[in-house]
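First to last, the protein sequences are chains A and B. Note that our numbering has the first sequence beginning at 589, numbered continuously upward. Note that our numbering has the second sequence beginning at 143, numbered continuously upward.
Think of the hints as simulated: they come from the structure by calculation, not from any bench. Even glycine gets a Cβ: it sits at the ideal position worked out from N, Cα and C. There could be a bad hint or two in this list.
To be verified - Going by beta-carbon spacing under 7 Å, a handful of chain A positions derived as facing chain B:
| no. | residue |
| --- | --- |
| 1 | Glu756 |
| 2 | Gln819 |
| 3 | Asn822 |
As the list claims (entries may be wrong) - Simulated coverage check for chain A against chain B, where a stretch passes if three residues somewhere in it have a Cβ under 8 Å from a Cβ of chain B:
| no. | segment |
| --- | --- |
| 4 | 594 to 601 |
| 5 | 640 to 650 |
| 6 | 655 to 667 |
| 7 | 726 to 737 |
To be verified - If you only want the chain A side, here are some residues facing chain B, beta carbon under 8 Å, derived:
| no. | residue |
| --- | --- |
| 8 | Pro629 |
| 9 | Ala634 |
| 10 | Glu722 |
| 11 | Gly833 |
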Amino acid sequence: MNSRVSTRLLTDTYIERLQQQTRRLAELQDSIGSGRRLSRPDQDPASFVELRLNEEQAASLSTFRFNVTTATARLNQSVSALQDVNLILRRANEIALEANNASTDDNAREAYAVEIDGLLNQLFIASNTQIGDEYIFSGTATNVRPFEITAWDTEGRPTAIEYRGGSEPTRTVVARDRSVDVYSRGSDVFQRSAGDLFRALIDLRDVLRDTSLDPSSRAAAMGQRLQHLLQAQNIVLETIGEKSGTLQALESLDNQLANLKLASEERVANLGNTDIVEAAVRLREIENLYEATLGLTARIMQTSFLDFIR
Amino acid sequence: MNATPIGLSALSVGQRALDIIGQNVANAATPGYHRRRPHLVPLVYDGFRGAGVGIQRIARYEDRMLRSAVMKVGSEIATAEARYEIENQVQSLASATQIDQQMGQFFDVATQLSGRPGDMALRRTLLTKANEVAASFQRAANGLDEIQATVRRRSEDAVRDLNRLTQNIADLNKEIVYVLSKRGEPHDLRDQQDALISQLADIVDITVLPQTDGSKLVLVGGSPVVLAGESMPLKIDFDTSGRIILSPSDTTFELPIGNGRLYGLFQEFNEYLPTYSQRLDELAQRFMQAIDQVQATGLGLDGLYTQQTGIRAVNNAAVPLNSAGLALPVQLGDLYIAVTDVSTGTRELVSLTIDPSTQSLNTIAAMIGAATSGRVTASVTPGLTLDIQAAAGYRFDFAGRLPTSPESIAMAGTSVPSITGVYEGAANDHYYFNIVGSGTIGVTPGLILEVRDQYSNLLATHSVGADYTPGTELTVPNGIRVALSAGTTNNGTFSTRVIAHADTAGILPALGINSFFSGTRASNIAVNPRLLDDPRRINASRDGQAGDARNLERLIALRHQPLLDSQTRTFSQFALDTQALIGNEVRAMDDLRTASKSLKLALEQQEQAIIGVDVNEEMVRLLEFQRLIESGSKYLMVVNRAMDAIMEIIR
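Next up, chain A with everything else stripped away, as it sits in the complex:
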């Protein structure tokens, strides 16, 4: 302590202290009022960067979850359409088994062939299923009708169907560096070299209508068509299995994303939000100090030698 204490020194010291305390009070009040501990980089530069990166990550995870939901809905619709296709093929299989009977006459076979025509039409419609304005079996060419009838017989019945869609499946980004196939290439589902669904039905129909075949030749042909139908059915079931697997993976991914998002949000809250209890205690502490300084200032500034000179 200096040996002499001047009037100005006292004034300047108290003003400086009061200003410091007022500033700390204002900062605390702002922190409590806004609920934000960190609103500017200078408050804690390193934590501010971490806070903002976590905020960005939380927003990014929300977007990924949005895409997971969208992809899941589309895959479910694809699976639903493929289940319809499977029912069509199952019925065609039943017809093939029923028709492949020595007691079945030409009229009955014609009736079965008519039913197969109906199934073929259903299959054609299913292969061109749209969600909104997008074809779900056209790969990336979502705006192109994937299957077209390119040849008809004399009765106007389709004899050839061609794939016109995209050569790649569509993909959706569902996580960082991770995408999932959503809309398949129609050729992978309906017209693989190992099994052409349309051809299987057309060939079955044509055998049923072929009255020139003797029973043994018909039996052999029907056996071959049944084999093709089974191959086609396997392809559909395999595709359903693949998509179901993707759906399961997406469900698991969604849980992971939800957990990561929660962790990011918690980190954001921990870094950025005001600890109200701590802030209130500190506010009370500084208020006490502030009041004490005010009282002390007033007391010391009031008394001087002037009060004792008569």
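Could you slot chain B onto chain A? The hints should help.
Below, chain B alone, put in the same frame as chain A:
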């Protein structure tokens, strides 16, 4: 008898002392006031007889070392205050522009669009977000320019203040010397001068040297600005690299300064603000370049191009690109142009090696025409941009898709190979397909297809013999598929280039061909108007189909790629690093000024202990001199009565 003069001297000294005490009390709160104290001495007559009391001198209390220390700390505080204020403005600007958040939202919308790449509403939203990113960059760049201009104006104001102060100090020098020559005590003038010198020290760090004639020599950067009654005005100047400097008004040499408001302003103008601007431009340019490169090498909903005109110009089409004033860099690398025959659908891949150290824009234009055999031609526009046009019946693109048929086929048989898919490897490569054995595809047992990369690494092996159905696609790594039609082969081979990056030279973004953004730096970045006119031109695809988002995937991946700070920081990290850098400076300046203020307060306390007025002390002194006057008066009364008594004897 000497009694009367002695008594009178007491009254006279007492009155003078009361004046001095009164002045002290009156100025107890006056900044820069130095207390005074009369130094009393006994007066003697004839060398040994007492003649009363006199005031030898009126002392003005001061401590030059402390004063110098206070001024030095004051200069440091002024530096910190000036820098704090500016850094705080920059911090507010950065918080308001939120570039990191805008970029994050841009990538979020791009991620959403990957789920529905044909969705026009989402495409428009992406453009809106891109606009917001560009607007943020522009606001930040313009804001920094405004702050820079403000700093310059404030520097000029500070120098005007400095010149006014040095003039006033010089004037006071004259007055002080004059008063001293008249044996006067120029204490009030010295107080005034010291106050002005303190103000001067706030502007710039100074050296003050008291002179024998009572004047003060003031130096700035070792050069006198106040010498006796003269002041040497200073001015703001700029050196050859554009740095703001302080120099004498009649010369251009730089006066080195190390503290004070002006120093803080100069530091901001010359170092910190340019650093922030540079980082902002670096971020904007890298962001533009990366996004533009992805955009340029993808395909939009309208597919292939008949014409593309660059929107970034060179300043001379005849000089190598490295010297042609391009803001975005070009490096030695390849550019792949796919040329499609519209009538047959045949697509051919043409490559150009770009060397910016030797090739000019004119050269590049000629090379495009030559490499594509005139099916695609290029020319330099009057605005010195590159214009690329397809000949009639042809289209071109830069998506780097596979050619429609393998580039070299030596099957020695009737089987026809086909290679399809979208290459998703990390680097450009050349895939070689070798059939081991001879016979009929799908029939002859043991026929094997080997796939090797350009370094002969084996990538895949497939049976194409008896267990292979001709026409079936076989999977090769990285998204490529291969199929062989029915037919014969005799150890046949075929190959194709597979392109991950169709523009490894970076020439497409540098010239603004098919780009997402226009502009060259943060202050003029904007979304390419062609995209705003038609969102279908956002190149989300790599195969040209509405549902393909493979190019968007590459764009989305940029978000997490460390493309800045020597390939260590992502866009967001770099933007936030810059904010942290600013935040650190704000904090450092705040800490410095707080610490310096505490130090200054401590020094001022020490100085005040010497020069400050303590009213209580003055009151005690007041009573002391009150008593002196009272006792002097009493003494004179007694002397007067004694004289009266003596006079009675005479009467």
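(message) Tell me the hint numbers this structure goes against, listed in increasing order.
(response) Failing hints, ascending: 2, 3, 11.
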